[in-house]
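Colleague: Each chain, letter by letter, is given below.
Protein chains: 2
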Amino acid sequence: MATLGDMGLSAAINILSALVFLVAFAILRLQPFNDRVYFPKWYLKGLRSSPTRSGAFVTRFVNLDWRSYLRFLNWMPDALRMPEPELIDHAGLDSAVYLRIYLLGLKIFVPVTLIAWTILVPVNWTNHTLAKSDVNYSEIDLLSISNIPLGSQRFWAHTVMAYAFTFWACYILQQEYAKVARMRLHFIASEKRRPDQFTVLVKNVPPDPDESISETVEHFFLVNHPDHYLTHQVVCNANKLAKLVKEKKRNQNWLDYYQLKYARNQSQRPMMKTGFLGLCGEKVDAIDHQTAEIERLSKEIPEERERVINDPKSIMPAAFVSFKTRWGAAVCAQTQQSSNPTLWLTEWAPEPRDVYWPNLAIPYVSVSIRRLIIGVAFFFLTFFFMIPIAFVQSLANIEYIEKKAPFLKPLIEIKFIKSFIQGFLPGIALKIFLILLPTILMIMSKFEGFLSISGLERRSASRYYIFNIVNVFLGSIIAGTAFQQLNKFIHQSANEIPKTIGVAIPMKATFFITYIMVDGWAGIAAEILRVRPLIIFHLKNFFMVKTEKDRDEAMDPGSLGFDTGEPQIQFYFLLGLVYAVVTPILLPFILVFFGLAYVVFRHQIINVYNQEYESAAAFWPDVHGRIISAMVISQLLLMGLMSTKHAALSTPFLLALPILTISFHLYCKGRYEPAFRRYPLQEAMMKDTLERAKEPNLNLKAYLQNAYIHPVFKGGDDDDEDEDEIFEKLEATVLVPTKRQSRRNTPVPSKVSGDSSPSLPDLQEKGRP
Amino acid sequence: MATLGDMGLSAAINILSALVFLVAFAILRLQPFNDRVYFPKWYLKGLRSSPTRSGAFVTRFVNLDWRSYLRFLNWMPDALRMPEPELIDHAGLDSAVYLRIYLLGLKIFVPVTLIAWTILVPVNWTNHTLAKSDVNYSEIDLLSISNIPLGSQRFWAHTVMAYAFTFWACYILQQEYAKVARMRLHFIASEKRRPDQFTVLVKNVPPDPDESISETVEHFFLVNHPDHYLTHQVVCNANKLAKLVKEKKRNQNWLDYYQLKYARNQSQRPMMKTGFLGLCGEKVDAIDHQTAEIERLSKEIPEERERVINDPKSIMPAAFVSFKTRWGAAVCAQTQQSSNPTLWLTEWAPEPRDVYWPNLAIPYVSVSIRRLIIGVAFFFLTFFFMIPIAFVQSLANIEYIEKKAPFLKPLIEIKFIKSFIQGFLPGIALKIFLILLPTILMIMSKFEGFLSISGLERRSASRYYIFNIVNVFLGSIIAGTAFQQLNKFIHQSANEIPKTIGVAIPMKATFFITYIMVDGWAGIAAEILRVRPLIIFHLKNFFMVKTEKDRDEAMDPGSLGFDTGEPQIQFYFLLGLVYAVVTPILLPFILVFFGLAYVVFRHQIINVYNQEYESAAAFWPDVHGRIISAMVISQLLLMGLMSTKHAALSTPFLLALPILTISFHLYCKGRYEPAFRRYPLQEAMMKDTLERAKEPNLNLKAYLQNAYIHPVFKGGDDDDEDEDEIFEKLEATVLVPTKRQSRRNTPVPSKVSGDSSPSLPDLQEKGRP
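Keeping their order, the protein sequence lines are chains A and B. Numbering follows the UniProt record's numbering, with no gaps: position 15 of the first sequence is 15. Numbering follows the UniProt record's numbering, with no gaps: position 184 of the second sequence is 184.
What the hints contain is simulated information worked out from the structure, not anything from laboratory work. Please note: incorrect hints may appear among the correct ones.
Any copy will do: because identical chains look the same in the list, a pair fits if it lies in one copy or spans two.
Straight-line alpha carbon distances no greater than 30 Å define the calculated DSBU-like cross-link-like pairs of lysine-lysine that follow [unchecked claim]:
1. 415 x 403
2. 273 x 549
3. 645 x 488
4. 499 x 488
5. 107 x 249
6. 324 x 687
7. 324 x 701
8. 669 x 446
Extracted from the complex, chain A is given alone in its bound form:
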C-alpha cells in the first residue's frame, strides 16, 4: 500500500516531467526552424509563410531574443483567448466540440469534487475502523469508504451523494447535449453551400441487363424524384489506380532523396537494394532505378486510368446522386426507395473529404457477413489477446534465444545484458501490441465497410473504449487476464459480479492515481512537444526538401485522432464517476488532467492540427452514451461495494439509480439524437428559399458536377490536361472549367477564409514576441 509520502514522490516526479516537457516545448516553439512543426495550421491556412530570407542567417533558425524565453507559459492564455465562434470558424465544429468534452469533464467534476471533499471526506475521516483493524492500509484509505465501519448509518451519506452526483451529471449532460445539438444545427444552417448538402449516396443499384449503372441510376431518380433530381456521379473501383499513384509518389520521394544525396556528395553514386524494405536483393544504382520505376508507373497509370473509365466492370453499383434542392436530398436520404430494402439504399453522402473511397466497392451482403466476422474477432481480441502474446513471450526468453542462436551466447551471458533482456523482453510483445491496437481496431473498422472516415473513427473509438474497460479498468481491479475474468464471471451469479469488483475498487485507488499522473499529466504534456513530427520534419527537411512546395508537404500537422483520444477521455470519466463516492481523493487528480488537457488541445487545435474532415460533431451521441454507460457501471459497482458493507438499509435505495440513468439516456436519445442523424426538412427548406432569393441564377449543376470524383482523378498536379478529358468522359456533359489549385495550399473549402476573422493572425502574432 502506497503511503501519502510515496504518492507525493510520484506526483513530484510526474509534475516535474510534465514541466520538463512544457519547458522544452516553450523553447523549441520559439525557434524559427521549428515553426512549421508547431504552427502548421497557419501555414495551411496561408496566413503564415517561411521566415523571410532577410536578417542574419542564424536568426532564421534560432531565436536569440532572450526575453521571449521568460514568458515560456504564454501560449496558455493565448490558447484560451480565442472565442468559441472564431474557433469554429478557424478549425471546424468537430474540433470545437471535441474540446467541449474536456470542459464537460470540468463542469461535472469541479462541483462533485468540492461537495465530496466538504461532505464525504470528513465523514470517512472521522472513523477509526482501519486504525483498529489489523489490515495493512495507507493514509489514502483513511479518506475512503473503507474507513467506515460495517453497517454504519454513515453510509446514508454515500447513498445521498451518489444520487446528488448522478443528478448533477445528468443535468450537465442534458445541457451539453442541447447545446451541442444547437451548435450543430446552427453550424449546418450557417454554412456556405457544400456539395454534401445536395448529395445522397446510393448503394446497391440493381444490375440491369439493358442499361449501364449510370443510366439505371438516372432513370430511377428521374422517375421517382422527378421534381428534384439533378445529376449523379457513378463510383469507380479505382483502388488499383490509387495504389499505383501512391507508389509513383513514393518513388518520386526516394528519387528526390537520392538526387539530393548525390548533389551533396558527387564522389559516389548512391546505391540501393531492390528487395524487401531495401534490406536484401540486388544492389543497383538508386537514381537510375527510381527513374526507371517512375517511368514505368507513368506509363501504367494512364493505362489503368483508361481501363477504370472504360471497363464497365470497374463501375461499382453505387452512385452519388445530387438534387436540385437540399429538401430533395433530405427527402431522398431519409426515405426508402425500393420495395426491396436491400436495393437502392440511400444515405447522406459524407463530405467529399470524409469519403473513404476503398470501401465504396463492397456489396451489401458482404457487409453483413463482415460485420459478424468482426464482431466475433473483436470478442476474441478483447478476451483472448493475451494468448498469442504469451506465446511470443515464451519464445522471447533467454534460453530459447541461446538455443536458436548459440553464437549470441557469450554476449547474453554478460550479467547486465542478461538482466536487461530478462526484464525487458517479456514486456515488449505486450507493449508493441498496445501501440498497434488502435491501428488494429482501425483495420477492423475498415474491413467492416464503413464509408466515411468519421464513421471509421467513431467505430474504432467505441471498440477501443470497450477494450479499455475490460482490460485496463477491470483488468487492473481484478488481477488476471480478461479471459480469466470472463471465466470467473460466467461461473459467478449475476449479483456476485458487482460485489467482486466493487470490493476491490477502494484498494486500487492509489494505482489509478499513479496511472492518472503518468498517462494523464505527463502524457498530455508530452503531446504538446510533438516529438515524432518534430524529428520526422527535420529529417525530411534535410534529406528531401528542394522547393517551398516540398517543405509544405514535409509538414505533418496531424489531426485530433478521435479514435484514440476520445476513449482516453472517457476512461477518466469512468474513473472519476466510480471513485467520486468511494475515494474522493482521486478527484483532484482528474480535475488537473481535464484542465491541462483542455489547454493543451486547444492550443494544438488552434496552431497545429488540420482536421481531415468535418462531420459537424456527429460523434456527440457516442460521447454522451459512453458517459452514461460509465455512470451505470459506477452505480452497479457502488451497489456491489455497499452490499458487502452490511448497509442493508441504504443499498436498496441505490437500485433506482441505474433505472433513472437509463431512462434519462432514453429521453436524451429521443430528444436530441435525431439532430445528429437526420436533416430536418424545415431547415432544408429555409436554406433553399434563402439561396433561391439570394442567387436566383446559380448554376448548381456545374457546382456539383465533379464534387464526388475519386481523389485519384483529381489529385495529380502534373496531369492537369488529362483530367479534363477524364471528367468529360465520365460525365459526358458540358463542364464549366475551373482552375483547381493544389488543395494543400488552399484553405479548406468549408471554412471561411482568413478575411472573415482578421483578428486571428494579429492575435497570434501578439502572443509571440
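Following the hints, put chain B in place on chain A, whose structure we already have.
Modeller: The following block gives chain B in isolation, referenced to the frame of chain A:
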C-alpha cells in the same frame, strides 16, 4: 410419473371432449336460429339475410333435414377450400397471414417430427440407462434423452439434430418472411384508394400565440411541403362526448328492453333501481326513468358537441395531414420535419378504423414517462403477481368466512360444501386473475399511449408472451413462483441457469403433453362452438330485438384477438422447439394442435370473425422475432442439459447455434423488416402515376375531407342533419355531401365487395344442404 396408459387415458378424454364440441357445433350450426351466431361474417357482408318468412314455422328455427346431420364434419373441407387470394379478398390480409402462422408451425414441425422419430427415437430407445437405474421413470422417458447414459457418444446425434432443426426452421422462417413481405407489398399495391395512403398523423404541433392549431398546421405544411400538401383535419378531444353518446346508447337499449317487457306483460309497469348496477337505490318506473335519461342526454350531447367544436382548448396539438400524392405522404411520414425532434412528429396515419381515438390527446413528454411506469409495472406484474393473489387466498378460507359471517356457519359446515369450498376457493382468485390478464395487459398498453388498435394489440401480445414464458413455461418446469425463480437466478452464476432449467425439461414432458391436449385440442375445439356469443345472442334476441336492425346489432362476430391468440401459438412453437431434440414424443401432439387450429380458425375467419381493422400484416416481424427467441431459448436449455450429461465433446459445438440464429435474425431484420415499417417511394410513385392516368379528374380533397373525423361525429344515425353542420364548422370548406349509411350494414370499406368474388356464397351454400 405418468405411464403410457395414463397418457392414453388422458388423450382419450381430451379427444372425446374435442369430438363432443365438434359434434355440438355441427348440430347447432345447422339450426337456422343460430345462423347469425355461426355465419355473422356473411350477414355483415350483406351476402346472407334472415331466413324468409315462408315455410313452416318450425323450419325457421330448427333444421329437420336428417341427412345434413350425417355430414357433420363437412365444414372442414369447406373451410380449407377457399383459395388464399380469395380469403384475402374476403377477410383481409391480417387474417390470411394470421392463418399462415399455423401453417408455418406445420411446415417447421412435420419434417422435424419425421426426422426426430426416425433418428432420435431409436437412438434414445436402444439404451438401458433408466432400466438399470433405480429412479422412477415412465415409458415416455425411455424415448427421451434421459435414457442415454452419461458421457455417451450418442449425444452427437442430438447435437447434429439440433443443428439440422435450426437450419430447417431458419430456412422456413426466411421463406415465410419473404413471402409475407411480398404479400404485404402486393396487398398495399393492389388495394383501392384508401385515406391512410395519403395521410400522415402529425403530433406535437407547437403552440403559437397568434394562430390556432389548424392555421399553424396549414402554414407549416404549405411552407415545407408546398408541392404536396392538400388538406388537414385537426384532432379534437371528444372523449367526454364519446362517453355521453355511449351512455345514451346504453339507456336506449334498456328502454327497448323495458318496453318489450311491458308489451309482453301489460299488467305491471317494469321497475328498476337507480343505484350501482341496479342493485341498490330508489325504485322508479323504468320506462319513465330511461326516457328521462335519454332526453337529458339528447340535450347534453349537442351542447358538448358545440363545446368541443368551439372551445380551442378541446383542439389537441395533433392533426391528420393529407397530401396530394402517396409520394408526398410517404416522404412526410419518413422524414424529420423540425430541428427540434420532439415537435412536428410525423408517422403514417393508421387506417381510420384502426385509430384509437382516446390516446390522440396524450402529449409527448407524458408518453415517455408512461412508458417507464408501465415497464416497471409490467416487471412487477410478471414477477410479483402472486403476492396479492396469495393475500386474497388467505382471506378466502373457511375460518375467515365463518368469523366474518357467522350466519353462514351451519351451511358451510356441511361436509360436501366445506370440501368444495376448500378445494375451489383458493384457486378462484388465480383463475380470475388469469382470465383478466389480457384485459389488464390491454389497459397497460392503452395507458402507454399507442395510437392504433393494431399497435395496442401487438404490444399486449408481446407482454402476454413474456408473462407466459416466465410464469407458465419456467413456472411449470421449476416449481415455485416467478419471484422465487428470479431470486434463485440472481444468486446463481450465469451458466448455471440453463443447467438448472435444462435438467428439469425431460421430466416435464408428460405435463406439457397433457397441457397441449387440454389447452390445444379441447380448447380449440371449444373455440368453434362460440358458447358465449351463442348465449348472449339468444338473450339479446329474446329481450331487446324489435327490428331487423336490432338483430344485426345483437350479432357479435368478434375478431381474431391477436393479443391473446398469437402468444398462445407462440407457446406451442416454444414447446415444440425445446422438446424436438429432448423428447420427440411430444411433437405429434403439437402437430395435431397446429392442424386442428388451422382448420378451426380458417373456418372462423371465413364465416364468423369481422376484423376491426386492417394493418396489412404489420405484426409479422413480431411473430418472426418471437419464434427466433424461442429457438435461442431452446438452444440455451439444450446446452444446459447436455453439459450435465458429461457430453464434454459435443456440447461446445452447440455454442455456435445461438450466435448463428441471432445473426440470421439480424439478417432477416435488415432484409425484410423495412417492408413492414416504411413505405417505399417507388411503390408510391407507381400507384400515383397509375391513378393519375386512370382518373385524371379525381377530386381527392373531397375524398379525404372527412376520412379522419372522430367517429362520434359520424356515428349517430339520428342526427344526420346536425352532422353536416359540424363538418362545415370543423372544416370551413366546401363539402361534397355523401349519404353515409350505417357502417354496420355495409361491407367494410377496404374490402372489395361481393361482386368480385361471386363464387363465395355459392361455395358456402353448396357446403350446406
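Colleague: Does each hint fit the structure? Answer for all of them.
Modeller: Here is how each hint holds up against the structure:
In the homo-oligomer, the alpha carbons of residue 415 and residue 403 lie at most 30 Å apart inside one protomer (18 Å), although the nearest pairing across protomers, at 95 Å, exceeds that limit. Taking the closest pair of Cα atoms, residue 273 and residue 549 come within 30 Å of each other only inside a single copy of the chain (29 Å); across copies the shortest separation is 102 Å, beyond that limit. Proximity of residue 645 to residue 488 under the C-alpha cut-off of 30 Å is found in both arrangements, the shortest distances being 22 Å within a copy and 22 Å between copies. Proximity of residue 499 and residue 488 under a CA criterion of 30 Å is satisfied in both settings, with 13 Å inside one chain copy and 17 Å between copies.
With identical chains, the CA atoms of residue 107 and residue 249 are never at most 30 Å apart, being 48 Å at best within one copy and 62 Å at best between copies. With identical chains, the CA atoms of residue 324 and residue 687 are at most 30 Å apart both within one copy (12 Å) and between copies (24 Å). Taking the shortest alpha-carbon separations for residue 324 and residue 701, both the intra-copy value of 8 Å and the inter-copy value of 29 Å come in at or below 30 Å. When the C-alpha separation of residue 669 and residue 446 is checked against a cutoff of 30 Å, the pair qualifies both within a copy, at 27 Å, and between copies, at 24 Å.
The structure is inconsistent with hint 5 alone, although it conforms to all the rest.
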